[in-house]
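Engineer: Sequence:
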Amino acid sequence: MIARLVEAFVAATPEPELWAYYGSYDFVALCQLYGRMIDLPAGFPMSVHDLKQEHARLGSPALPTQTIGHHNALADAHHNKLVGEFLTSLSATNPAASTGQELR
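Residue numbering for the sequence shown follows this note's numbering, starting at 1 and increasing by one per position.
Just so you know, these hints were derived from the structure itself, not from any lab. There's no promise every hint is true.
Unchecked claim - Computed spacing ranges between beta-carbons, pair by pair:
hint, residue 1, residue 2, range
1, Gly59, Val6, 25 to 35 Å
2, Thr13, Asp39, 15 to 25 Å
3, Lys81, Pro14, 11 to 21 Å
4, His49, Ala75, 14 to 24 Å
These figures come from a predicted structure and were not determined experimentally. All C-beta atoms, glycine included, are put in the ideal place defined by N, C-alpha and C.
The task is simple: from the sequences and hints, build the whole structure.
Structural biologist: Here's what the structure looks like:
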């Protein structure tokens, strides 16, 4: 049941990307809903992007602070969305960061 709901949610987005804050283990757990990685539904992302890595890649700027709902799944998800939007806008305004030129 949960696997079908997740599949429908992801399939409703063209070219879906998954983003999380330290989300590697969560991604593995999510994929285990379907068995092996090769059993993921068609179009399901094979990896997760990490907000913390993107934050570091962009020079560890000050992030928006979460003022309510710490360790509440929905509040944390909303905050992670805001952080992702912030990092995306920062990357768009910093061409060197978005091309990886400053990476070592």
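Engineer: Indicate whether the distance between the beta carbons of Gly59 and Val6 respects the range 25 to 35 Å.
Structural biologist: 34 Å, holds
Engineer: Starting from the hint 14 to 24 Å, judge whether the C-beta atoms of His49 and Ala75 obey it.
Structural biologist: Between His49 and Ala75, where Cβ atoms are some 21 Å apart, the hint holds.
Engineer: Given a hinted range of 11 to 21 Å, is it respected by the beta-carbon distance of Lys81 and Pro14?
Structural biologist: 18 Å, holds
Engineer: Just to be sure I understand the hint, the distance between the Cβ atoms of Thr13 and Asp39 should be within 15 to 25 Å; is that true here?
Structural biologist: 20 Å, holds
Every hint, counting from the list given before, is met by this structure.
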